[in-house]
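Participant: One letter stands for each residue in the lines below.
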Amino acid sequence: MRIAILTGVAAILALAAPASAEISGDAVKLGVLNDMSSLYADISGAGSVEAARMAIADFGGTVNGKKIELISADHQNKPDVGSAIANQWFDNDGVDAIVDVPTSSVALAVQQIARTKGKVFLISGAASSDLTGKACSPTSVHWTYDTVALANGTGSAVVKAGGDTWFFLTADYAFGHALERDTSKVVEASGGKVVGKVRAPLNTADFSSFLLQAQASKAKIIGLANAGGDTINSIKQAGEFGIVEGGQNLAGLLVFITDIHSLGLQAAHGLQLTEAFYWDQNDQTRAWSKRFLDKMKREPSMVQAGVYGAVTHYLNAIKATGSDDGPTVVKQMKVMPVNDFMTKNGKIREDGRLVRDMYLFEVKAPSESKGAWDYYKQIAVIPGEEAFKLPGPNECPLVKG
Amino acid sequence: MFDFIHLTIPPAPALFAQLLVGLINGAFYAMLSLGLAVIFGLLNIINFAHGAQYMLGAFCAWFLLNTLGIGYWPALVLAPLIVGVVGIAIERLFLRHIYRLDPLYGLLLTFGLALIIEGVFRQQYGSSGQPYAIPPELRGGRNLGFMFLPNYRAWVIIVSLAVCLATWFTIERTRLGAYLRAATENPVLVQAFGINVPRMITLTYGTGVALAALAGVMAAPIYQVSPLMGSNIIIVVFAVVVIGGMGSILGAIVSGFTLGLVEGLTKVFYPEASNTVIFVIMALVLLVKPAGFFGQAR
Amino acid sequence: MSRGGDAGRILTAVLIVLALAAPFVFYPVFVMEALCFALFACAFNLLIGYVGLLSFGHAAFFGSAAYITAHTVKVWGLPPELGILAGVAVAAILGTAFGWLAIRRQGIYFAMITLALAQMIYFVALQVPFTHGEDGIQAVPRGRLFGVIDLDDTLTMYYFVLAVFLLGFSLIVRTINSPFGQVIKAIRENEPRAVSLGYHADHYKLVVFILSAALSGLAGSLKSLVFQLASLTDVEWTMSGWVVLMTLVGGLGTVLGPVVGAFFLVAMQHYLAQLGSWVTVVQGVIFIFCVLVFRRGIVGLIATYAVPRLRTQAREPSAVGDAAARGTP
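So the sequence lines, in the order shown, correspond to chains F, E and D. Mind the numbering: the first sequence is residues 1 to 401 in the numbering used here, read in order. Mind the numbering: the second sequence is residues 1 to 298 in the numbering used here, read in order. Mind the numbering: the third sequence is residues 1 to 329 in the numbering used here, read in order.
These aren't lab readings, by the way, just hints derived from the structure by calculation. Where hints are given, some of them may not hold.
Per label pair, the in silico range of CB-to-CB distance [said to hold, decoys possible]:
#1 F:339 - D:152: 40 to 46 angstroms
#2 F:337 - D:79: 47 to 53 angstroms
#3 E:195 - D:301: 37 to 43 angstroms
#4 E:287 - F:296: 49 to 55 angstroms
#5 D:146 - F:291: 55 to 61 angstroms
#6 F:296 - D:271: 24 to 30 angstroms
#7 E:269 - D:11: 55 to 61 angstroms
#8 D:268 - E:67: 31 to 37 angstroms
#9 F:282 - E:13: 48 to 54 angstroms
Residues from chain F shown here face chain D by an in silico Cβ test under 10 angstroms; the list is partial [said to hold, decoys possible]:
#10 37
#11 81
#12 83
#13 103
#14 105
#15 116
#16 135
#17 174
#18 201
For glycine and all other residues, C-beta sits at the position ideal for the given N, C-alpha and C.
So that you can see chain F by itself, here it is in the shape it has in the complex (with noise of 0.2 angstroms):
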């Protein structure tokens, strides 16, 4: 009996060995996970999958004769659903990267999985630095943007450009903490100071009384390291209380066009923040973007571009390789300049990071606004090495030296 056990558990190995020049399971499948009914929806969700639709589809469907296979789900920003279902996508599903997924601590989650498993991790939602730092994983490529570019987007630029006092009013859970953190080095770095800080819970409705706090600390600049309904609330909120008008400016730390939208340009005007991607700044996003507002009725977020871009550079990968084993491809994807509508001359660093140029939004007005999703005027380019250069040494394992 042992010897049968012995001889099968050898047969199946020995299969197994030249598996990794091959493309597994006779397809390749993506799967996008993210969340479709909650807090990101609109920035990711179902317009991420059109995304990676897109891509799969302007790639030809098959990449070395093999079909393109694309399942979705969602994990209502919670890291057990989103753990249980990539466990589920790796082990039954034979799915071979997992894409997208918004809200860092489930990426987090996801990514842990992913580097085990040696699958693919493209991450175009989360923001955390955490994943190209301490967390980082030879199957992951961070796409889109994360709090390192934001906080050296909006903060260095902020300012530079007189805003030297900042107040922070900060989320209080994990995420909130990192982006105030890593908004106060830049700050201090470029010469500013930051004169106050106050942490709001989650899913705070009245913002009024931290606003206050705000307004008594005098400061020039108030510091939003908050997303989602926080911060439409709190800009909201600020309009109401006469921030900007008693001559304090707001900075969106983690602001998305789709929150714009939301909030109304009467609210939102004179807000500056930080971007990947805008669908109006040059022939190529627009021709992209017009296709997207075909199918979804609305602009796409930077995330839902980035979605494609990564989706593209991935299948490129595989048909260079001729594999779909993960670390091999990502291997390949960091080798490849990238070269998209939204990315021009991106490399993937050795931490799994792509380095990518950064622009700095200011909202307009209503009277500059020509129609709906026409709510950005282009501030200023902020240089990809310059956008993600690290606050201090790289924590990331994987990085020599």
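Take the given structure of chain F and dock chains E and D to it, following the hints.
Facilitator: Positioned in the frame of chain F, the structure of chains E and D alone reads:
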């Protein structure tokens, strides 16, 4: 580990400003808990769908504005009426059948209703929320010296006080209120007097729901109109009602305003705990005086 | 299964065989998840089905045990069995504290106190550094059971989870059918009479509360090892609502009800996952359906109508409110 407690005491004018802001929040809590207290006090139903009905009020106002062009002022009356009718439908279809059961079943049923209402709206509208502007007449504010008070916030306090007083007066001092209170104690006897008790009960539930919807319309210009707005606030409102005393209208009003103040102060001294302080108080009150400050033991 | 007799024993045997074969038919992680929640629901059912107290704060025990086990196993390097013991111990201590505070009240007030206390635990879980806030404790190693059995293998882990579940479940059944259980039932039926007979009702209720809390903690500890993750979802009040729903659907006060309810709802959550927000709507519909039409739950219904011999403790679960109706707040 305890370094998260900050005890810097701000100067007096700033403290004053915080208290006023806390009072404004308290006005919302009072209006919301009023509906809940009316429903529990008179019907013995724990209306867990109250948060969802608050959200319905806000969405109704948004819908009226965006689709029918009906502005804020008419919406203040229309939205509560519409949602009140929905409430009556709920009472007729579902709640009627469980009066004879334990109130906890009412809680579970209305919890289920809340899940349905929120799920449907989330599916339809996502959760980023819809914009709803402050009506032009109420924009801007005045500088009170110690703070800049937005006009809309002042309006909230005025409306809330008016509604609370009107409701309290109706229930405690008018004949209709007397009938309602009598019907709670002894429905059979009151019915024998020729008063249509079931209809009164239906209308009472509808009124409680309408109060929630009114709070929703008031909230729409300053908070985001989102399907999640109800579930975020519902357990806080519950705590308020429990602390005030589950059957007591006056208790709900007083504890609503008081807890708004307490929350406001917590936001100054220990902001991270501002969501939780109400539960600490609720636990203490339940242990010491479970009927709440103004409630009667049932 | 006392009065079930032969039918009961056959049913048990069949279920155990099914459970042993399950990982070869279904995705094992899914069955493990269902078993953890089944244990949680059974523990919760002890309190509501046999004492008549609806707790809205059981997530506090489930979640804090999950965190403790995750932390001790990952950071302190304890072997899994000690990690689980640590989690259960903490849950039992919490249960003693909560129970002592809450037992004095009944009905809706009891529910509200447990909710308030659980919210405070949520806040502590959010603030305390070792839980890592919304990231949770991730990459929890499963370790080697007793230093020998490698739990990283899914099949081995499954049988371990099944063994622990059966242990917990049989503990519950034994408790219900023991003299202690008889006293509890007497207290539920008519507390003043039980007191007049010399039983300290509050002490008995407290013991059941602590047992319920400890077993909920056991479920939480298991879950953190199965998923290798402990997060805020485990201590949120929606988790408390979830276990109420499981027990309600399965049948309050029945022995197998919570297990059936747990499997049903975990399955539903998995298979409806791609529907997004519709899952919430379906849950709401189930709640309403159960309250209006289906108060006995699945097992209660079967027990009452289909297999009369198995009518164990299936009764109209209005016992939930009898205490409140007696007028003591």
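Participant: Checking hints one by one. Is residue 174 of chain F an interface residue toward chain D, by the C-beta closer than 10 angstroms rule?
Facilitator: The hint holds - residue 174 of chain F has a Cβ within 10 angstroms of chain D, the shortest such distance being about 4 angstroms.
Participant: Taking the Cβ atom of residue 195 of chain E and the Cβ atom of residue 301 of chain D, is their distance within the range 37 to 43 angstroms?
Facilitator: For residue 195 of chain E and residue 301 of chain D the Cβ distance comes to about 39 angstroms; the hint holds.
Participant: Range first: 55 to 61 angstroms. Now tell me if the beta carbons of residue 269 of chain E and residue 11 of chain D are that far apart.
Facilitator: holds (59 angstroms)
Participant: Taking the Cβ atom of residue 268 of chain D and the Cβ atom of residue 67 of chain E, is their distance within the range 31 to 37 angstroms?
Facilitator: Since residue 268 of chain D and residue 67 of chain E have Cβ atoms about 35 angstroms apart, the given range 31 to 37 angstroms holds.
Participant: Checking hints one by one. Is residue 105 of chain F an interface residue toward chain D, by the C-beta closer than 10 angstroms rule?
Facilitator: For residue 105 of chain F, the interface hint holds, since the closest Cβ of chain D sits about 4 angstroms away, which is under 10 angstroms.
Participant: Take the shortest C-beta to C-beta distance between residue 201 of chain F and chain D; is it under 10 angstroms?
Facilitator: The hint holds - residue 201 of chain F has a Cβ within 10 angstroms of chain D, the shortest such distance being about 8 angstroms.
Participant: Against chain D, with CB atoms and a cut of 10 angstroms, does the hint on residue 103 of chain F hold up?
Facilitator: holds (8 angstroms)
Participant: When you take the CB atoms of residue 146 of chain D and residue 291 of chain F, is the distance between them in 55 to 61 angstroms?
Facilitator: holds (59 angstroms)
Participant: If you take the shortest Cβ to Cβ gap from residue 116 of chain F to chain D, is it below 10 angstroms?
Facilitator: holds (9 angstroms)
Participant: Using the beta carbons of residue 337 of chain F and residue 79 of chain D, state whether their distance is inside 47 to 53 angstroms or not.
Facilitator: holds (49 angstroms)
Participant: Interface hint check: residue 83 of chain F, Cβ to nearest Cβ on chain D, cutoff 10 angstroms. Holds or violated?
Facilitator: This hint holds: residue 83 of chain F lies near chain D, its Cβ roughly 6 angstroms from the closest one there, short of 10 angstroms.
Participant: Between the beta carbons of residue 287 of chain E and residue 296 of chain F, is the distance compatible with 49 to 55 angstroms?
Facilitator: holds (53 angstroms)
Checked against the numbered hints given earlier, the structure satisfies every one of them.
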